[in-house]
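Asks: Make the full structure from the sequences, and use the hints.
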Amino acid sequence: MKVSHKTVNNTLYVALCGEIDESCAAEVRAKLDALFEEDGLIKVVMDFAAVTFMDSTGIGMLIGRYKTLKKKGIPLLISSPKNAVDKLLLLSGIYEIVPKING
Amino acid sequence: MDNFMSLKIKAVSENEAFARSAVAAFCVGANPTVDKLDDVKTAVSEAVTNSIVHGYENNPDGVVEITAILSGSTIHIEVTDTGVGIADIERARAPFFTTKADEERSGMGFTVMESYMDSLSVEPNEPRGLTVRMSKDFAASKKATE
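For the protein sequence lines, the chains are E and Z, in the order given. Just so you know, the working numbering puts 87 at position 87 of the first sequence, and the rest follows in order with no gaps. Just so you know, the working numbering puts 107 at position 107 of the second sequence, and the rest follows in order with no gaps.
Honestly, the hints are just simulated from the structure, not real lab data. No false leads were slipped in.
Straight-line C-alpha distance at most 25 Å; calculated SDA-like pairs for lysine to any residue:
(1) E:Lys67 <-> Z:Lys100
(2) E:Lys67 <-> Z:Thr111
(3) Z:Lys10 <-> E:Glu27
(4) E:Lys67 <-> Z:Ala94
(5) E:Lys2 <-> Z:Val12
(6) Z:Lys100 <-> E:Glu19
(7) Z:Lys100 <-> E:Leu91
(8) E:Lys70 <-> Z:Phe96
Replies: See the structure below:
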């Protein structure tokens with residue numbers, strides 16, 4: 001799982017690349033939480049376009065990141081999930097707290 | 001057409017991708033749609049994760065066995081471990097139930113298996129462990145719930 005990022009106008013864009021499951025969830029969590037430490041962030045957008053697989057371990061990880069950001073008052077958004085990942089995100093109901101936006 | 005495969009893996013999460021991909025590759029013979037193949041891949045990943053994280057509590061000495069039988073257009077999958085098992089299976093199957101909330105677990109594993117597959121059964125093993133059986137008909141039209 002590769003995590004790349006850039007910050008534009010105080011919005012942190014994080015692009016995830018690869019498969020999200022138990023084998024990388026802890027590592028992704030640590031990387032994201034480190035990025036969330038950046039000063040002055042007003043929004044975080046996670047780009048799922050290059051995520052080729054995700055199971056419910058990824059949902060747990062996402063809910064955790066939502067909670068971490070919520071404590072800081074920073075909204076989290078998801079963009080561009082592939083069909084299979086989108087289906088899982090929909091099933092989980094997470095879009096109610098982490099809205100999906102178009103790429 | 002009847003065909004089968006059986007796979008034994010060490011209970012480490014690095015093996016999850018291999019397990020789900022192997023089952024998916026095996027299913028290709030039945031000509032599934034991409035969506036249905038993704039469903040099976042995800043369901044296998046959930047079952048194997050359960051065995052590793054909950055059944056063996058991340059003890060790498062455990063072994064997870066995955067068997068798949070292709071019967072006509074239907075895939076039957078069995079995921080078995082000899083871990084600690086589940087005390088209250090009915091409760092464990094409820095959406096969002098998790099014994100490891102402090103680890104950021106979603107509690108959605110069985111919900112995913114249930115909604116992605118046509119059937120799901122979860123049974124204790126003798127003397128210990130758990131067997132998850134699930135099946136999906138690749139020829140059937142979409143489930144009414146979708």
